[in-house]
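**Student:** Residue numbers (the working numbering), protein chains in the order written: chain A, 1 to 537; chain B, 1 to 593; chain C, 1 to 323.
To be clear, the hints were calculated from the coordinates, so they are not data collected in a lab.
Bear in mind that the values here come from a model prediction, so they are computed numbers and not experimental data.
Glycine is no exception: its CB is placed at the ideal position from the N, C-alpha and C atoms.
One or more hints might be untrue.
Said to hold, decoys possible - Listing some non-contacts, in silico: residues in chain A with all C-beta distances to chain B over 10 angstroms:
no. : residue
1   : R43
2   : W61
3   : A62
4   : D63
5   : L66
6   : G122
7   : P124
8   : E243
9   : L271
10  : L274
11  : G480
Claimed, not checked - Facing chain C, from chain A, some residues (calculated, C-beta under 7 angstroms):
no. : residue
12  : L234
13  : A238
14  : A296
15  : L370
16  : G374
17  : W396
18  : L400
19  : T429
20  : G444
21  : T451
22  : A452
Unchecked claim - Taking lysine to any residue pairs in the SDA-like style, the calculated list, with each CA pair at most 20 angstroms apart, reads:
no. : chain 1 : residue 1 : chain 2 : residue 2
23  : A       : K40       : B       : Q45
24  : A       : K40       : C       : D39
25  : B       : K375      : C       : H278
26  : A       : K317      : C       : Q265
27  : C       : K153      : A       : L280
28  : A       : K40       : C       : V264
29  : A       : K317      : C       : G56
30  : B       : K492      : C       : R58
31  : A       : K40       : C       : E70
32  : B       : K119      : C       : V264
33  : A       : K317      : C       : K153
34  : B       : K375      : C       : Q265
35  : B       : K375      : C       : T20
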Amino acid sequence: MFGVGGGTCSYQEIETTDVILLWGSNAREAHPIFFHHLMKGVRNGAKLYAIDPRRTTSAMWADTWLGLEVGSDIALANTVAREIITAGLHHEDFIRHATRGFDAYAESVEPWTLQRGSEITGLPAEVIRRLAHDFAAADQAQICWTLGITEHHNATDNVLALINLALLTGHVGRYGSGLVPIRGQNNVQGGGDMGALPNRLPGFQEVEDPVSRGKFEALWGHPVPYQAGKHLSLMLEAMETGEITALYVIGENPAQSEARSDHARHLLRGLEFLVVQDILMTKTAELADVVFPAAAGWAETDGTVTSSERRVQRVRKALDPPGDARDDLAIISGLAERMGRGWGYPTAEEVWDELRSLSPNHAGMSYRRLAEEGGLQWPCYDEEHPGTLFLHGDLWDDPLPRHPAPFFSTPWAPPVDELSEDFPIRLTTGRRLDSYNTGVQSGGYSSPLRTAVALEVAPSDAHTLGVAEGETVRVVSRRGSLKAPVRFDRSLRPGLAFMSVHDPDEVDVNLLTIDAWDPKSGTAEFKATAVRIEPVG
Amino acid sequence: MSALPTAAERAAVDGHLGLPQSAWEGGEERPEDAVLAEGGFRASQDRRQHILPTLHAVNDAIGWVSAGALNYICQRLLVPPAEAYGVAGFYALLSLEERPARVAHICDDVACRNQGGNKILSDLEGRSDVHPSPCLGQCDQAPAVFYQRAGEADCVAVVTDTDQVIKVLEGGKPEEVPATVPQAGDPALRLLKRIGRVDPTSLEDYRRAGGYRALTKAIDLGADQVLSEIKASNLRGRGGAAFPMGIKWEAVARSSVTLRYLICNADESEPGTFKDRVIMEGDPFALIESMTIAGLAIGAELGYLYIRAEYPFAQSLLENAIEQTRESGLLGDDVDGSGKSFDIEIRRGGGAYICGEETALMNSIEGHRGEPRNKPPFPTQAGLFGRPTVINNVETLINVPEIVLEGGDAFAAIGTTQSTGPKLFCLSGAVATPGVYEVEFGITLDELVDLAGGVTGSGSIGAIMLGGAAGLFVGEDYLDMPLTFEGAQDRKATLGSGVVMVFDDRTDFADLSQRIARFFRDESCGQCVPCRVGTVRQEELLARHCGGLPWEDELFEDIAQVMIDASICGLGHTASTAIRSVIDLGLLEGSRG
Amino acid sequence: MADITLAVDGTEVSVPVGATILDACRVLGKDQPTLCYLDNLTPVNVCRVCVVEVPGNRTLVPSCSRPVEEGMEVNTDSERVRHSRKMVYEFLASSVDLSLVDEETVDWMVRYGCDPDRYGPQADPVEDRDQRVAGHHHLGDGSTAETVHQPVKVDNELYIRDYSRCILCYKCVEACGEDAQNTFAIAVAGRGFDARISTEFDTGLTDSACVFCGNCIGVCPTGALMFRSEHELRLAGMWDEDDQTVTRTICSYCGVGCNLDLHVQDNRIVKVTSPMDHSVTSGHLCIKGRFGYEYVQELGDLAVTPIDQVLRRARVPDRDSSG
């Protein structure tokens with residue numbers, strides 16, 4: 001945010017903060033060790049608000065659970081903002097000193113009265129008011145979120161709406177206060193940091209910035225493409241139009257993980273050439289022309305990953321990979337060699353040291369330091385630099401040494417897949433504690449907690465439909481249908497259904513989901529699908 | 001665990017806690033439950049202290065606590081089931097298994113076992129509704145039986161034969177005997193003066209007999225002056241540790257933390273002790289008045305009265321007393337027009353001797369297992385709910401009105417310089433007139449036994465148990481010992497809780513020692529290794545000796561020493577002292593030399 | 001902020017306010033024996049093996065939790081201290097299976113001259129410990145020393161509970177509860193010698209609140225809680241720590257970045273722990289981090305080695321505890 005993609009806080013800060021908004025996150029199941037830190041905060045007196053359509057196991061620990069309508073997050077955030085401004089609880093000094101665009105923003109949230117917010121979110125106005133006042137009045141406060149915010153068609157606006165709240169109250173750039181997106185994968189942060197984004201070079205340097213690009217070109221002795229590339233959703237579009245005909249997939253399973261997965265598989269099948277590099281024979285690999293068996297990054301190779309608190313940490317080889325599998329670096333280097341552009345076979349550390357020479361954020365992180373100091377948090381500019389606990393402290397410096405942080409107007413739009421008479425049930429998806437994404441990894445161990453993927457519904461909805469627990473039903477969306485057994489879940493209210501995403505071989509929930517995606521992040525709206533439930537015979 | 005409560009169990013829980021406020025807590029579905037739930041960590045902290053009373057509510061109504069009932073309690077109080085199970089199972093009187101609707105707990109402890117307790121137990125051997133019990137605090141009228149009756153109030157009765165027990169188990173009504181004291185009518189009495197003479201159910205009678213004059217005077221004096229009088233009185237705690245009361249009170253009164261608590265420790269469970277019961281049954285208003293003066297003096301607005309479950313009659317009288325005093329404005333937001341607030345909540349124990357230990361008692365009130373805490377911090381620094389807390393036992397507290405009325409200096413003139421004031425002793429065993437006796441500190445043991453009519457049985461003293469199972473046995477050579485803290489200390493004895501239990505020379509001291517060893521093993525909380533295992537090893541060692549094997553003195557001494565040195569609390573520290581004294585007196589055949 | 005000075009065995013040392021006697025001992029390089037103490041858990045001071053003598057205190061005091069005071073004189077090796085430590089170890093060794101405690105503990109036991117046999121032969125295992133009620137017990141004739149020996153609980157694929165090895169140090173309860181996981185699947189139940197770690201009504205782990213994070217295993221000092229893989233390998237006589245490597249890496253699942261120590265034997269992960277001194281985990285993990293490694297050693301598809309045959313047995317939810 002404000003130019004860099006990383007959570008502003010360290011985990012330890014939540015242990016002493018005063019108010020926590022856990023927004024669209026079931027951290028207790030999806031990020032259990034982060035939740036340990038969060039619970040330390042709660043035990044130290046922090047007030048916890050959980051904002052989630054489901055009363056999850058995380059929300060059970062909240063002083064107050066707010067079960068908002070799926071996709072009404074911006075409505076809630078804007079209402080909270082208006083209430084804070086109306087009550088005069090916004091941080092005027094901070095806003096004047098460190099931000100820009102406040103007046104336009106204030107105007108944009110003006111229509112969001114408690115009453116309107118209450119109508120759109122379904123939440124009692126008094127509770128929204130209480131949240132607004134507690135958050136604004138807190139000495140330290142954090143907003144933590146995950147996919148409940150980002151798996152929407154307006155994901156970026158969702159995030160901006162939360163950032164606005166932090167700017168409004170000055171809850172950023174100070175110890176204990178900040179914005180905490182918890183990453184879903186062990187190196188999603190590191191991947192972005194390393195330039196695995198369509199528009200970035202390593203270290204968040206802009207592809208389209210000639211100065212940045214020049215550094216890389218000078219070292220590599222080769223021009224770097226000067227235009228931003230495509231994110232995944234755009235790639236799928238390009239595959240549909242025939243613009244893309246060949247695809248090289250590394251460690252991703254789009255045949256099962258994409259929304260409207262049958263459509264994605266259709267597109268993958270239509271490619272002229274598909275290369276998949278993976279540690280297991282995924283459904284995507286089954287469609288490939290060439291498969292490179294890869295070593296598992298975390299246990300069979302050396303390297304680094306970066307966590308949600310911007311901590312770069314070492315992964316190390318503990319096992320010999322099976323059969324002919326090689327680590328990713330060796331595969332890519334070998335490929336380069338066969339393409340006539342070989343650069344030899346550098347070690348992971350050599351590659352890392354090159355990165356350090358190009359990315360100022362990582363310059364101080366030698367392998368030696370990473371080992372001795374239990375990882376380092378970027379930015380870490382040189383070998384003496386201790387790394388950075390929290391970001392944007394300079395927003396409080398006088399005079400302000402940087403551009404002021406911008407407010408953005410965040411208009412609310414309901415989920416694309418609207419509820420209707422034919423599709424009256426809101427289906428949302430998510431993760432479970434013992435399983436992970438499409439189950440490629442987590443399916444490998446026997447978990448006593450695991451239950452077959454089911455359509456989870458409020459008991460009263462099941463009664464209305466005349467369906468018993470365990471009975472198989474057909475779930476139909478505007479795009480597809482599937483059969484699944486029904487399970488009762490008290491954390492769901494009437495009209496809301498839930499499915500986990502972990503066993504697409506058995507129940508492929510992404511046959512139902514919509515591929516409406518956020519134009520800025522490319523993330524599809526996995527969290528909001530309109531369905532109906534039909535008894536089967 | 002997904003077991004559900006029966007309607008009756010739910011009613012018992014709701015009867016105690018009120019109806020659930022949301023569907024999340026087991027109530028009717030309300031529209032807002034779909035979008036809102038309050039609870040979480042803070043709520044669970046606030047509610048936890050209701051767990052023991054709620055478990056009691058179910059145990060009282062149903063006779064036991066099923067998995068379904070436990071789950072519902074957990075849902076209401078936001079307590080994890082494993083924790084609730086651990087709390088429930090800590091208490092001997094809560095049953096986690098289905099059992100007969102009526103259960104008799106027959107005392108076979110040191111006083112009752114040879115006065116009929118053992119015989120009744122052996123007559124009823126094999127019945128699932130009959131259990132042996134540690135001391136029930138009725139030693140002056142042994143043997144005693146404690147009945148639990150599903151759907152009806154618990155009660156205690158003194159019986160003379162086995163048939164009486166069977167009749168009650170089959171639905172009969174046990175008889176409760178009002179408290180009396182042998183010295184009733186003696187004008188010299190201070191603490192016992194109203195017992196047997198003033199109606200314990202009537203605030204009016206209590207006031208007519210001088211009650212609540214002390215509170216009025218205390219309010220006039222103000223907290224600081226009351227504190228000065230208490231300090232001047234040099235009153236030392238009567239619970240066993242003999243700590244100066246004024247120092248405790250002052251530490252809390254001067255604390256920078258304003259939320260403070262008072263606790264009255266009425267968990268009188270030391271075998272041979274029954275004085276607190278007699279006070280509570282005979283003069284309950286006196287205790288309420290004493291607590292009120294204490295609460296105002298230390299700046300506490302809430303006092304907890306923690307009473308052992310085996311004293312249901314005393315509890316009902318205290319409940320009545322609290323209700324009447326509240327109605328009269330002597331408790332509540334404006335105590336007797338003082339502008340100050342003080343109220344009292346009663347908490348019932350669950351059958352656990354260890355909860356008489358002050359920090360275990362606090363854990364019990366807080367809804368945790370009654371495991372003692374390590375000290376420091378002391379209760380005056382961080383006691384109940386982590387707040388500064390004064391905890392005094394019943395006898396200690398009822399001296400307070402005397403001190404306020406007479407003045408601290410006058411009170412200090414009673415007894416000796418180091419042991420001031422009147423003192424209650426619990427006389428039982430082989431004496432002609434067992435009961436609670438009030439004397440001035442300084443009377444000798446001999447004089448006290450004479451006061452109780454002298455030795456009966458064979459007429460010759462075998463040994464006298466002083467201070468209860470946690471105290472020790474002394475021989476005839478101690479009869480000239482003055483009964484003061486310092487007098488006991490000089491002779492390496494203890495007054496403990498004021499137990500004087502006389503055994504004649506025909507007593508089977510091996511059997512008695514084994515009963516005491518069993519008692520400590522049964523009552524050890526199990527938290528620390530020295531006591532948890534030491535009490536077992538001690539019992540095994542005694543069993544070997546009583547089975548005919550030679551006495552293992554070195555091993556006994558090793559076990560005793562680690563319990564004394566390294567246990568967390570007084571239970572472990574004293575678990576071997578009585579047995580050691582039996583050995584030293586040569587009362588265990590072949591145990592010396 | 002070294003502002004409290006005390007003497008340990010005659011040597012002066014200064015430590016910060018709030019430090020414990022144990023901290024002060026460690027500053028002097030005089031580590032004390034501990035069983036229930038762990039740096040990442042709240043001290044419960046129940047084992048009493050760390051007790052020291054401090055003049056002015058009637059009894060010995062637990063060094064793990066007693067804050068230092070100015071001018072305090074601590075004796076860690078007096079006759080009373082040695083006696084209590086020896087007895088605590090003897091009490092435990094005579095009632096609990098300590099065969100898997102760490103070497104340090106064994107060294108202390110030797111140093112203090114423990115003789116657990118002097119309480120008589122150990123009593124046989126019993127099946128009823130989970131049913132025992134507070135305030136009552138069956139008294140034997142003293143010819144055997146009562147123990148906590150009982151059958152191993154094997155009710156899932158991931159870890160076993162062998163409470164014959166349980167010294168009741170409360171660590172697992174703290175890790176499951178308020179010090180880390182906040183799951184509260186287990187608590188201390190019962191009372192006295194019959195006190196035990198239990199789920200509600202001794203229900204199986206799979207019916208309890210357990211989320212199989214294994215943080216209880218991570219803190220258990222006696223092997224009472226153990227990876228199923230380790231349990232099976234031990235039963236098969238194949239557990240070989242000398243042949244194992246331990247490699248630190250990062251969990252492959254979510255983005256929190258938990259440090260894992262992979263214990264590898266014969267190119268197979270046989271156990272996963274986490275460093276206690278790391279700020280991210282403090283030694284604690286979730287089910288995925290601790291147990292979710294099987295996908296890198298799919299046992300079915302590869303050449304099956306002897307160790308795989310044993311590890312396969314660990315994938316059966318429950319089994320006869322006799323092995």
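**Student:** For G122 of chain A, which was marked as not at the interface, is the minimum beta-carbon distance to chain B over 10 angstroms?
**Tutor:** About 5 angstroms separates G122 of chain A from the closest Cβ of chain B, which leaves it inside 10 angstroms; violated.
**Student:** So L274 of chain A supposedly isn't at the interface. Is its beta-carbon more than 10 angstroms from every beta-carbon in chain B?
**Tutor:** L274 of chain A clear of chain B: closest Cβ-Cβ about 46 angstroms, beyond 10 angstroms.
**Student:** Is K375 of chain B close enough to H278 of chain C, meaning Cα to Cα at most 20 angstroms?
**Tutor:** 31 angstroms, violated
**Student:** For the hint on A452 of chain A, does the least C-beta distance to chain C fall short of 7 angstroms?
**Tutor:** 15 angstroms, violated
**Student:** Is the Cα-Cα distance between K492 of chain B and R58 of chain C 20 angstroms or less?
**Tutor:** 15 angstroms, holds
**Student:** How about T451 of chain A: closest beta carbon in chain C under 7 angstroms, or not?
**Tutor:** 11 angstroms, violated
**Student:** K317 of chain A and K153 of chain C: Cα distance at most 20 angstroms?
**Tutor:** 34 angstroms, violated
**Student:** So, as I understand it, the hint says G374 of chain A touches chain C; can you test that by seeing if any CB pair is closer than 7 angstroms?
**Tutor:** Interface hint status for G374 of chain A: holds (5 angstroms vs cutoff 7 angstroms).
**Student:** Taken at face value, is the distance from the CA of Q265 of chain C to the CA of K375 of chain B at most 20 angstroms?
**Tutor:** Given pair K375 of chain B, Q265 of chain C is violated - Cα atoms ~46 angstroms apart, limit 20 angstroms.
**Student:** Checking one constraint from the list: CA of K153 of chain C to CA of L280 of chain A, max 20 angstroms. Satisfied?
**Tutor:** This hinted pair is violated, its Cα atoms lying about 35 angstroms apart.
**Student:** For the hint on A238 of chain A, does the least C-beta distance to chain C fall short of 7 angstroms?
**Tutor:** For A238 of chain A, the interface hint is violated, since the closest Cβ of chain C sits about 28 angstroms away, which is over 7 angstroms.
**Student:** Would the hint on W396 of chain A be counted as holding, given a Cβ-Cβ threshold of 7 angstroms to chain C?
**Tutor:** Violated, because the Cβ-Cβ distance from W396 of chain A to chain C comes to roughly 24 angstroms (cut-off 7 angstroms).
Hints 1, 2, 3, 4, 5, 6, 7, 12, 13, 15, 17, 18, 19, 21, 22, 25, 27, 28, 29, 31, 32, 33, 34 from the earlier list are contradicted by this structure; the remaining hints agree with it.
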